[in-house]
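Keeping their order, the protein sequence lines are chains X and Y. Sequential numbering from 1 applies to the first sequence in my numbering. Sequential numbering from 1 applies to the second sequence in my numbering.
Hints listed in this document are in silico derivations from the structure and should not be mistaken for laboratory results. Yeah, the Cβ is synthetic: ideal placement off N, Cα and C, and Gly gets one too. Please note: incorrect hints may appear among the correct ones.
Claimed, not checked - Rough simulated footprint, nothing fancy, chain Y against chain X, three-plus residues with beta-carbon under 8 Å:
| # | region |
| --- | --- |
| 1 | 15-27 |
| 2 | 42-48 |
| 3 | 71-79 |
| 4 | 147-156 |
Said to hold, decoys possible - What follows is a set of in silico ranges between Cβ atoms, one per label pair, in the way DEER data are often shown:
| # | chain 1 | residue 1 | chain 2 | residue 2 | range |
| --- | --- | --- | --- | --- | --- |
| 5 | X | Gln-64 | Y | Val-105 | 44 to 52 Å |
| 6 | X | Glu-146 | Y | Leu-16 | 33 to 41 Å |
| 7 | X | Asp-10 | Y | Gln-8 | 27 to 35 Å |
| 8 | X | Ser-86 | Y | Ala-62 | 20 to 28 Å |
| 9 | X | Gln-64 | Y | Thr-49 | 54 to 62 Å |
| 10 | X | Arg-62 | Y | Ile-93 | 57 to 65 Å |
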Amino acid sequence: MEQEIRACLDQKRYQEAFERLLPEFQNKVFRLAYAMLGDAALAEDMAQEIFVRIWKALPGYRGQSSLSTWIYAITRNACLTALKASGAKREVSMEAPGVARTVEASGTVSLPAAGAAIDVLRFLDQLPEKHQQVMRLYYMEEKSYEEVARLLEWPMGTVKTYLHRARKELAEAVARSKMKKGTR
Amino acid sequence: MACAEFEQLLLEYPELENGARARVDAHVAQCSGCREFLDALLVVDSQLTAEFAGQEVSASFAPAVHQRVQSAAPLARPSLVPELLDFAGWGAIAAVAGLLAWWLVPLVPVPHWELSLDASFAAAGAFLLAALLVGIRSFADLKD
Chain X
1 MEQEIRACLD QKRYQEAFER LLPEFQNKVF RLAYAMLGDA ALAEDMAQEI
51 FVRIWKALPG YRGQSSLSTW IYAITRNACL TALKASGAKR EVSMEAPGVA
101 RTVEASGTVS LPAAGAAIDV LRFLDQLPEK HQQVMRLYYM EEKSYEEVAR
151 LLEWPMGTVK TYLHRARKEL AEAVARSKMK KGTR
Chain Y
1 MACAEFEQLL LEYPELENGA RARVDAHVAQ CSGCREFLDA LLVVDSQLTA
51 EFAGQEVSAS FAPAVHQRVQ SAAPLARPSL VPELLDFAGW GAIAAVAGLL
101 AWWLVPLVPV PHWELSLDAS FAAAGAFLLA ALLVGIRSFA DLKD
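Here chain X stands alone, though its shape is the one from the complex:
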């Protein structure tokens, strides 16, 4: 499909190229935006805006990189700009003293009852921004390290390191929550 789209662009058939690339990339762009922004509604709105930018930039696409690389770069840049404009979230590590206790005390842990759920998402929101992004994208992209690395344009080793660290922190928070439930 990418070859067909590029063929349209080479022949300056921009409308046709856009009609082909929209269904091809809309979900990937949305998922990348969701991973970076952390909110589905905001991500869908941003994804729409991103496709407008792609539409305007089509005549300038010279084919130096693959079409997907180009589109994902536009997506990342747009999301980073939006994050900066809204003020970056304070990066907090679960290892920071008191953070884990604060999270647990804020009511994210249900009363100790059989079957009571632990809200992992609340713990996720406490992680550093990059950990959150890679975690969201990992589960959205069916746990594919390669796909996460491609979308974020990170080395594979970096992706695995961030994922393992984030999953470890979340698992430890969950385990501490369970222990607290057991001792209340």
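Keeping the supplied structure of chain X fixed, place chain Y upon it in accordance with the hints.
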């Protein structure tokens, strides 16, 4: 929490091959710390998969994009100038070839060929015009 030796294996548990997984399973059966860690990882995976897997845009996404695109400034229509200059360029090449033939033919020792002054001016003018057209064509290419 988890034993240091098994922590990485527990994090990679779903991807472990049979031999490594059997070793981890045997250890987890006897180690409460690792068991709790693995259980917690399963809770994390389960909840985050439920939350994030299968995310797709809504049905109204594509129509909304089209509406925004239509509201945005239209794309500049592709200019016809490069195509026109292409034509002019080929015409100029043909003119230059003709001029060269015009100049070279008299060198061929055929008695009845003569070159008048008017023809010389015409040939020079045609050459200058051809050179101008070729130049404009090159300029258009550079601008692209």
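Do three or more residues of the region 42-48 of chain X come closer than 8 Å to chain Y, measuring C-beta to C-beta?
Coverage by chain Y holds here, the residue count being 3 at a Cβ distance below 8 Å.
Between X:Glu-146 and Y:Leu-16, is the Cβ distance one that fits in 33 to 41 Å?
violated, 19 Å
In this structure, is the beta-carbon distance linking X:Arg-62 and Y:Ile-93 contained in 57 to 65 Å?
Hint violated: Cβ distance 28 Å, outside 57 to 65 Å.
Coverage of the region 71-79 of chain X by chain Y (three or more Cβ within 8 Å):
Result for this restraint: violated, n = 0.
Kindly confirm whether 44 to 52 Å is satisfied by the beta carbon distance between X:Gln-64 and Y:Val-105.
Taking Cβ atoms as reference, X:Gln-64 and Y:Val-105 lie about 48 Å apart, which means the hint holds.
Look at the Cβ atoms of X:Ser-86 and Y:Ala-62 and judge whether their distance stays inside 20 to 28 Å.
The hinted range 20 to 28 Å holds for X:Ser-86 and Y:Ala-62, with Cβ atoms some 26 Å apart.
Go ahead and decide if the range 54 to 62 Å is satisfied by the Cβ distance of X:Gln-64 to Y:Thr-49.
Taking Cβ atoms as reference, X:Gln-64 and Y:Thr-49 lie about 37 Å apart, which means the hint is violated.
8 Å C-beta test of the region 147-156 of chain X against chain Y, three or more residues
As far as the region 147-156 of chain X goes, the hint is violated, because 0 residues have Cβ atoms under 8 Å from chain Y.
Between the region 15-27 of chain X and chain Y, see if three or more residues pass the 8 Å beta-carbon test, and mark the coverage as holds or violated.
holds (count 5)
Is the gap between the beta carbons of X:Asp-10 and Y:Gln-8 within 27 to 35 Å?
The hint (27 to 35 Å, Cβ to Cβ) is violated, given that X:Asp-10 and Y:Gln-8 are roughly 48 Å apart.
Violated hints, in rising order: 3, 4, 6, 7, 9 and 10; the structure is consistent with all others.
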